[in-house]
Amino acid sequence: MFNIEEELKKLPNSPGVYIMHDKHDGILYVGKAINLHNRVRQYFQTGHGHNNSRKIAKMVEQISYFEYIVTASEMEALVLECNLIKEHRPKYNTLMTDDKGYPYIKITVDEDYPRLIYSHSMKRDKSKYFGPFTNGKAVRDMIDLLNKLYQLRTCSKRLPKEMGKDRPCLYYQIGQCKAPCNDHISKEDYRANVDKAISFLNGNYKEVLSVLTLEMKKLAEEMEFEKAAEKRDLIESVKHIVEKQQISKTSSEDRDVIAYATSDNDIVVTVFFVRDGKLLGRDHFHMNGEGSEASGEIITAFVKQYYSGIPYLPKEILVEEELEDKQVIEDYLTERRGSQVRINVPLKGDKKKLLGLAKDNARLILDQDIERIKRQEKRTIGATKEIAKLLGIESARRMEAFDISNISGCLGVASMVVFEDGRPNKKAYRKFRLNTVMGMDDYASMKEVLSRRFTDERMEVLPDVIMMDGGKGQVNVAIKVLDSLGLDIPVCGMVKDDNHRTRGLYYNNVEIEFPRGSEAILMITALQDEAHRFAIEYHRQLRSKNQVHSVLDEIPGVGPARRKALVKHFKDLENIKNATLEELEKVEGIPASTARYIYYFFHQ
Numbered sequence: 128m129f130n131i132e133e134e135l136k137k138l139p140n141s142p143g144v145y146i147m148h149d150k151h152d153g154i155l156y157v158g159k160a161i162n163l164h165n166r167v168r169q170y171f172q173t174g175h176g177h178n179n180s181r182k183i184a185k186m187v188e189q190i191s192y193f194e195y196i197v198t199a200s201e202m203e204a205l206v207l208e209c210n211l212i213k214e215h216r217p218k219y220n221t222l223m224t225d226d227k228g229y230p231y232i233k234i235t236v237d238e239d240y241p242r243l244i245y246s247h248s249m250k251r252d253k254s255k256y257f258g259p260f261t262n263g264k265a266v267r268d269m270i271d272l273l274n275k276l277y278q279l280r281t282c283s284k285r286l287p288k289e290m291g292k293d294r295p296c297l298y299y300q301i302g303q304c305k306a307p308c309n310d311h312i313s314k315e316d317y318r319a320n321v322d323k324a325i326s327f328l329n330g331n332y333k334e335v336l337s338v339l340t341l342e343m344k345k346l347a348e349e350m351e352f353e354k355a356a357e358k359r360d361l362i363e364s365v366k367h368i369v370e371k372q373q374i375s376k377t378s379s380e381d382r383d384v385i386a387y388a389t390s391d392n393d394i395v396v397t398v399f400f401v402r403d404g405k406l407l408g409r410d411h412f413h414m415n416g417e418g419s420e421a422s423g424e425i426i427t428a429f430v431k432q433y434y435s436g437i438p439y440l441p442k443e444i445l446v447e448e449e450l451e452d453k454q455v456i457e458d459y460l461t462e463r464r465g466s467q468v469r470i471n472v473p474l475k476g477d478k479k480k481l482l483g484l485a486k487d488n489a490r491l492i493l494d495q496d497i498e499r500i501k502r503q504e505k506r507t508i509g510a511t512k513e514i515a516k517l518l519g520i521e522s523a524r525r526m527e528a529f530d531i532s533n534i535s536g537c538l539g540v541a542s543m544v545v546f547e548d549g550r551p552n553k554k555a556y557r558k559f560r561l562n563t564v565m566g567m568d569d570y571a572s573m574k575e576v577l578s579r580r581f582t583d584e585r586m587e588v589l590p591d592v593i594m595m596d597g598g599k600g601q602v603n604v605a606i607k608v609l610d611s612l613g614l615d616i617p618v619c620g621m622v623k624d625d626n627h628r629t630r631g632l633y634y635n636n637v638e639i640e641f642p643r644g645s646e647a648i649l650m651i652t653a654l655q656d657e658a659h660r661f662a663i664e665y666h667r668q669l670r671s672k673n674q675v676h677s678v679l680d681e682i683p684g685v686g687p688a689r690r691k692a693l694v695k696h697f698k699d700l701e702n703i704k705n706a707t708l709e710e711l712e713k714v715e716g717i718p719a720s721t722a723r724y725i726y727y728f729f730h731q
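Quick note on our numbering: the sequence shown kicks off at 128 and runs consecutively.
Hints should not be assumed to be uniformly reliable.
Think about it this way: if two alpha-carbon atoms lie no more than 25 Å apart in a straight line, the pair counts; the simulated SDA-like pairs of lysine to any residue are [claimed, not checked]:
(1) Lys-695 x Arg-667
(2) Lys-558 x His-627
(3) Lys-698 x Leu-649
(4) Lys-213 x Gln-432
(5) Lys-486 x Lys-553
(6) Lys-255 x Asn-140
(7) Lys-505 x Ser-522
(8) Lys-288 x Lys-358
(9) Lys-358 x Gln-432
(10) Lys-607 x Val-564
(11) Lys-250 x Ile-301
(12) Lys-453 x Leu-491
(13) Lys-264 x Lys-553
(14) Lys-366 x Asp-393
(15) Lys-354 x Glu-380
(16) Lys-136 x Arg-166
(17) Lys-599 x Ser-611
(18) Lys-275 x Thr-340
(19) Lys-366 x Gly-330
(20) Lys-284 x Asp-271
(21) Lys-486 x Ser-522
(22) Lys-323 x Gly-263
(23) Lys-486 x Lys-505
(24) Lys-486 x Glu-380
(25) Lys-366 x Lys-486
(26) Lys-623 x Ala-571
(27) Lys-558 x Gly-600
(28) Lys-453 x Asn-140
(29) Lys-358 x Glu-380
(30) Lys-505 x Leu-649
(31) Lys-553 x Asp-477
To be clear, the hints were calculated from the coordinates, so they are not data collected in a lab.
Start from the sequences and build out the full structure, keeping to the hints where you can.
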C-alpha cells in the first residue's frame with residue numbers, strides 16, 4: 128500500500144521529474160523540479176499557494192501514488208519532462224493538440240549543380256535551408272518560381288557522373304532549364320544562377336523585379352509579345368510572393384512572437400514567424416486545459432512542448448508574460464540552437480505592437496472556433512434532440528439504421544450504421560452476409576439481420592431509436608423481432624418523396640413530416656445515405672472477390688491456398704492481371720512454375 132505521507136519523507140533534495148498517478152495507474156500529471164522534496168510536498172500542503180487553483184486541487188484529490196526520476200541537472204529534468212508529456216499526454220498537463228511540421232526550402236549546395244527541394248525537416252547535412260515556412264503550397268510556388276526565374280534543374284540525376292547519358296528533357300525545350308545534364312551551361316554560370324536564387328530567398332527582390340521589367344520592355348519593343356507576357360507573369364508571381372512577406376520594423380533578426388486567447392478549457396496560441404525582419408507567416412495551435420490555468424503556465428507549457436520538437440530556433444522569442452523556469456528554458460534552447468536564445472516580454476514599441484497583433488489573431492481564431500463548434504453542435508447534438516422531440520421519445524443519442532443490398536436476389540448483404548450524438552461511429556458499424564434468405568425478400572432479409580444483431584452478445588449496447596430504410600412493412604418486421612426478444616426500442620421507417628429523398632418518419636402508425644431543411648431531416652437523410660453506401664460497398668467487395676475466385680480457378684496450379692495468397696498480396700484481380708512475372712514470383716507460396724502459368728494466362 129502506497130503511503131503518501133511516508134513517501135514524501137523519502138523524497139531527495141535533487142533535481143528531477145515527478146509523475147502523479149491515479150488509482151487506475153493512469154498518469155495525471157508530469158512535472159519537473161529543482162528540488163523534488165520541496166516541490167512535490169507543496170501539492171499536499173493545505174492552503175499552500177501552489178495548489179490554490181481549482182485545477183490543481185481537483186488533481187490532488189485523484190492522486191493515488193507518485194513516482195520520481197532523479198536527474199543530474201534541472202536542464203536534464205526539463206528535457207525528460209518534455210519527453211514524458213509527449214509520450215503520455217497526462218490529463219492535467221496543459222497540452223498542445225496539434226502536431227505540425229513546417230516545410231523548408233533546401234538548396235543542395237554540396238552538389239556540383241545544386242537543386243531547390245521542398246523539405247519537411249532541416250537535417251544536419253551540407254545543404255542550405257530557408258524557413259521554416261507556414262504554408263506548404265506557398266513553398267512549392269516559391270520553388271517553381273525560382274526554377275523558372277533562374278532555369279535551375281528539377282531532376283535528381285547525379286551530375287556530372289550521369290552527364291550526357293540522355294537527351295535534355297522537356298524543361299530544356301520550353302526554356303525552363305539550362306540542361307546542365309548535357310553540359311549546356313558551365314558549372315560557374317549555373318552556380319551564379321543558384322546564388323541569385325539564394326539572394327532572392329534572403330529578401331533581395333528589387334533587383335529581380337528591375338531586371339525582369341527591363342527584359343519585358345525589351346521583348347515588347349522587339350514585338351516578342353508572347354515572351355513579354357511570360358516575363359509579365361513572372362513579375363506578377365514575384366510581386367505576389369513579396370506581398371506575402373510583410374515587413375516588420377523590429378530589426379533584421381529572426382524571432383517568434385507568441386500570444387494566446389482562452390475561453391473555458393479552450394486555448395488558442397498564435398505564433399508569428401519573423402525571419403530577417405520579415406513576417407513570413409503565422410500559425411496557430413490548439414491546447415486543452417483542465418480548468419483555470421495561470422497565464423504563465425499556458426505559455427510555459429507551450430514553449431516547452433513546441434520548441435522541443437522543431438529543428439530551427441530563432442534568436443528571440445517574444446511572449447506576453449514571464450515564463451516559469453525562464454532561465455533553464457533559455458539555457459536549454461540556447462544549447463539546442465548553439466547560440467544565445469532570449470525569451471523576452473516587450474513592454475513598448477514595435478515589438479509590443481507585434482505581440483498585440485498576434486494576440487488579436489489568437490482571439491479571432493478562438494472566436495471562429497467557438498462559432499464553428501456551435502454550428503457543429505446544432506447540426507449534430509441539436510439534430511438528435513430535435514428528432515427525439517418530434518418523436519416524443521426521451522433520447523435519440525444513439526441511432527442505428529439498416530439497409531439491404533442484392534442483385535436479383537444474389538449475394539444478399541445488409542448493413543448496420545450507427546450515429547452517436549449526431550456523428551458516425553464507424554467502429555460500431557456492422558455488415559451481414561445473409562444466410563437464410565434466397566431470392567429478393569427484403570422483409571425476410573431484415574428479420575434475419577435484426578435477429579442476428581439483437582442476439583449477438585458482442586453488440587450489447589442498445590440504440591435509443593432504430594431507423595428502417597423501408598416504410599410501414601419493414602417497421603412491423605422490426606417490431607415483431609424486438610417483441611420476440613423482449614426489447615422495447617422505438618422503430619421508425621424513413622418516408623421518401625417521389626425523388627426517393629427522405630421527407631419524414633413513420634412512427635407509431637403515424638407519418639411525421641419534418642420541417643423542410645431542418646437539421647433533423649438532414650441528419651436522417653445522412654443516416655439513410657450512409658447505411659445505403661455501406662451496404663453497397665460490402666456488396667461490391669463480395670462481387671469482386673467472387674470474380675477473382677472464378678477467374679483464378681481457371682488457371683492450372685492455382686487452388687484455394689494459392690488463390691488466397693494471391694488475393695492477400697495483390698488485393699484485387701486488376702493488380703494480379705497487371706503484375707510482372709518477377710512480382711508474381713515474390714508471392715509467398717507461389718512457385719516459379721505457377722507464377723509463369725499465371726503471367727501467361729493474362730498475357731497470352
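So, going through the hints one by one against the coordinates:
{"no.": "1", "hint": "Lys-695 x Arg-667", "in the structure": "holds (17 Å)"}
{"no.": "2", "hint": "Lys-558 x His-627", "in the structure": "holds (23 Å)"}
{"no.": "3", "hint": "Lys-698 x Leu-649", "in the structure": "violated (36 Å)"}
{"no.": "4", "hint": "Lys-213 x Gln-432", "in the structure": "holds (8 Å)"}
{"no.": "5", "hint": "Lys-486 x Lys-553", "in the structure": "violated (39 Å)"}
{"no.": "6", "hint": "Lys-255 x Asn-140", "in the structure": "violated (46 Å)"}
{"no.": "7", "hint": "Lys-505 x Ser-522", "in the structure": "holds (16 Å)"}
{"no.": "8", "hint": "Lys-288 x Lys-358", "in the structure": "violated (34 Å)"}
{"no.": "9", "hint": "Lys-358 x Gln-432", "in the structure": "violated (45 Å)"}
{"no.": "10", "hint": "Lys-607 x Val-564", "in the structure": "holds (18 Å)"}
{"no.": "11", "hint": "Lys-250 x Ile-301", "in the structure": "violated (34 Å)"}
{"no.": "12", "hint": "Lys-453 x Leu-491", "in the structure": "violated (28 Å)"}
{"no.": "13", "hint": "Lys-264 x Lys-553", "in the structure": "violated (32 Å)"}
{"no.": "14", "hint": "Lys-366 x Asp-393", "in the structure": "violated (38 Å)"}
{"no.": "15", "hint": "Lys-354 x Glu-380", "in the structure": "violated (39 Å)"}
{"no.": "16", "hint": "Lys-136 x Arg-166", "in the structure": "holds (12 Å)"}
{"no.": "17", "hint": "Lys-599 x Ser-611", "in the structure": "holds (18 Å)"}
{"no.": "18", "hint": "Lys-275 x Thr-340", "in the structure": "holds (15 Å)"}
{"no.": "19", "hint": "Lys-366 x Gly-330", "in the structure": "holds (12 Å)"}
{"no.": "20", "hint": "Lys-284 x Asp-271", "in the structure": "holds (18 Å)"}
{"no.": "21", "hint": "Lys-486 x Ser-522", "in the structure": "violated (41 Å)"}
{"no.": "22", "hint": "Lys-323 x Gly-263", "in the structure": "holds (22 Å)"}
{"no.": "23", "hint": "Lys-486 x Lys-505", "in the structure": "violated (29 Å)"}
{"no.": "24", "hint": "Lys-486 x Glu-380", "in the structure": "holds (21 Å)"}
{"no.": "25", "hint": "Lys-366 x Lys-486", "in the structure": "violated (28 Å)"}
{"no.": "26", "hint": "Lys-623 x Ala-571", "in the structure": "holds (22 Å)"}
{"no.": "27", "hint": "Lys-558 x Gly-600", "in the structure": "holds (22 Å)"}
{"no.": "28", "hint": "Lys-453 x Asn-140", "in the structure": "holds (21 Å)"}
{"no.": "29", "hint": "Lys-358 x Glu-380", "in the structure": "violated (33 Å)"}
{"no.": "30", "hint": "Lys-505 x Leu-649", "in the structure": "holds (12 Å)"}
{"no.": "31", "hint": "Lys-553 x Asp-477", "in the structure": "violated (51 Å)"}
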